[in-house]
Amino acid sequence: MDRDRAAWFAARGGLELDPALDIAITGEDPVLPSPFHLGEGAAVALALVGQEAARLWALRGGRKQAIAVDVRHAAASLRSYMVLEVNGQAGAPPPRAGSNVTAIWPCGDGRFIHLHGSFTHGPGILAELGLGEGATAEEIAAATRRRGAFELEDALAAQGLCAAVCRTREEWRAHPQGQVLAAQPVVTLERIGDAPPEPLAEADRPLRGVRVLDLTRVLAGPTVARTLAEHGADVLHIASPNLPTIERFEMDTGHGKRQAHLDLEDPEQAATLRELVRGADVFSQGFQWGSLERRGFGPKQAAELRPGIIYVAENAFGFGGPWDGRPGWEQLAQATTGICVRQGGDGAPVLAPAAMNDYTTGYFGAVGAMMALRRRAMEGGSWLVRVSLARTSMWYFDLGDDLDPADAAGTGDLSAAMLERETGYGRMRFLRPALRMSETDPHWELPTAPPGSGERRWLDRR
0 MDRDRAAWFA ARGGLELDPA LDIAITGEDP VLPSPFHLGE GAAVALALVG QEAARLWALR
60 GGRKQAIAVD VRHAAASLRS YMVLEVNGQA GAPPPRAGSN VTAIWPCGDG RFIHLHGSFT
120 HGPGILAELG LGEGATAEEI AAATRRRGAF ELEDALAAQG LCAAVCRTRE EWRAHPQGQV
180 LAAQPVVTLE RIGDAPPEPL AEADRPLRGV RVLDLTRVLA GPTVARTLAE HGADVLHIAS
240 PNLPTIERFE MDTGHGKRQA HLDLEDPEQA ATLRELVRGA DVFSQGFQWG SLERRGFGPK
300 QAAELRPGII YVAENAFGFG GPWDGRPGWE QLAQATTGIC VRQGGDGAPV LAPAAMNDYT
360 TGYFGAVGAM MALRRRAMEG GSWLVRVSLA RTSMWYFDLG DDLDPADAAG TGDLSAAMLE
420 RETGYGRMRF LRPALRMSET DPHWELPTAP PGSGERRWLD RR
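Residue numbers (numbering that gives the first Met the number 0): 0 to 461.
Rather than coming from a laboratory, the hints here were simulated on the basis of the structure. Heads up, the beta-carbon is just placed ideally off N, CA and C, and yes, glycines get one too. Mixed in with the good hints there might be a few duds.
Claimed, not checked - Per label pair, the in silico range of CB-to-CB distance:
| # | residue 1 | residue 2 | range |
| --- | --- | --- | --- |
| 1 | Gly107 | Glu292 | 38 to 46 Å |
| 2 | Pro266 | Leu242 | 12 to 20 Å |
| 3 | Glu84 | Gln178 | 42 to 50 Å |
| 4 | Glu84 | Gly278 | 35 to 43 Å |
| 5 | Ala89 | Glu264 | 32 to 40 Å |
| 6 | Asp262 | Thr25 | 33 to 41 Å |
| 7 | Pro449 | Phe149 | 18 to 26 Å |
Using the sequences and the accompanying hints, generate a full structural model.
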């Protein structure tokens with residue numbers, strides 16, 4: 000993939016690839032069986048991560064870096080949870096969150112809808128369909144065929160439940176929410192408070208000494224902090240002992256992080272989180288927009304606790320517009336933006352063969368966090384970074400949907416891209432970072448560990 004094409008890809012998302020950047024992106028799509036440029040898109044997103052890491056490294060007195068990304072490795076990173084092994088066992092794919100409602104279903108108007116049980120939404124969706132828990136696939140399909148797709152989507156959204164009609168790209172572009180997102184770049188930065196500049200001292204890695212408080216779960220949000228950990232950040236992942244998660248995703252996104260539990264229902268533990276915010280540089284969260292603000296940890300509140308904070312917010316459908324705050328997942332972003340219809344070709348809508356939005360949105364969130372850290376170092380301020388699954392999905396569409404899935408070469412032999420180490424889960428074999436850098440090669444210093452297995456404190460800055 001030549002650099003002019005890579006720069007064109009970046010520009011489609013409102014970002015710039017520095018012409019002076021020493022970068023090599025090897026290989027080309029199709030790697031995965033999709034009409035979309037999944038491998039090349041992921042490679043460009045990772046090159047942008049490398050660019051920002053190199054810029055921070057330069058601020059710390061470091062030498063110019065050469066950056067390299069392999070397209071096949073980048074494509075594999077979009078489904079890295081699928082290739083990890085624990086104690087020699089690949090293990091079963093992670094279960095779908097929620098009940099067996101999580102799938103694409105036919106409706107009575109000839110359209111299709113993706114229902115998502117989330118962790119707790121399954122019973123509510125089934126109740127809306129007039130079904131009880133334990134309903135079979137045949138019963139669910141019969142129930143959705145009695146409803147219109149858009150009517151059912153509205154009924155579920157009114158209850159705060161997860162669903163999205165499988166729209167075409169043109170339908171989404173005409174939708175008010177699609178129009179809001181089309182006017183935004185894939186990463187938005189907003190100054191939300193004043194604070195003095197915080198220059199970066201000399202160090203051995205781009206993010207050495209940067210503290211990242213990670214309040215996220217399930218892929219996109221966790222990938223933001225995992226990516227920052229690749230460049231030396233001290234990442235503390237805070238999970239609630241009361242919220243469910245998916246272990247295989249925790250394994251995959253936990254590299255480089257320390258783990259602790261906090262229950263925000265407990266006033267003393269909420270006070271502990273406030274103290275952690277005061278000591279943080281980056282606060283990354285992926286909960287439904289507004290939910291943390293009600294607990295005193297929204298962007299402006301975090302900036303009051305810690306002037307100079309970088310607040311990273313990730314969600315499904317973007318910020319602003321009629322769908323602001325609507326809950327969603329990778330699959331629903333694909334469904335609503337037209338990915339599933341296009342991936343299905345002449346047949347029924349289907350999902351793309353990778354978590355294209357989750358991981359890439361995580362990469363973009365890390366890009367935004369490092370852009371904000373650079374701005375803070377030079378001009379000060381507290382900063383809000385926003386990314387969303389649906390905006391990333393639209394970016395992939397903008398890169399082109401002109402590939403023949405039958406031509407997919409596959410990721411090939413990944414053995415050279417795999418690492419092995421002891422972890423809190425056992426002996427793990429996993430995909431290493433796809434980004435390579437000549438001076439500060441990305442790597443995770445800490446092995447992945449189970450949620451809640453560590454202490455609720457910051458390490459001394461190095």
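Against the structure, the hints:
Taking the beta carbon of each, Gly107 and Glu292 are about 39 Å apart, inside 38 to 46 Å as hinted. Between Pro266 and Leu242 the beta carbon distance is about 18 Å. The supplied range of 12 to 20 Å therefore holds. Separated by about 44 Å at the C-beta atoms, Glu84 and Gln178 satisfy the suggested range of 42 to 50 Å. Between Glu84 and Gly278 the C-beta distance comes to about 36 Å, which sits within the given range of 35 to 43 Å.
Range check, Ala89 to Glu264: about 37 Å between beta-carbon atoms, so the 32 to 40 Å window is met. A C-beta distance of roughly 47 Å is found between Asp262 and Thr25, which places it outside the suggested range of 33 to 41 Å. Our hint of 18 to 26 Å for Pro449 and Phe149 is violated, since their Cβ atoms are close to 42 Å apart.
Checked against the numbered hints given earlier, the structure breaks hints 6, 7 and satisfies all the rest.
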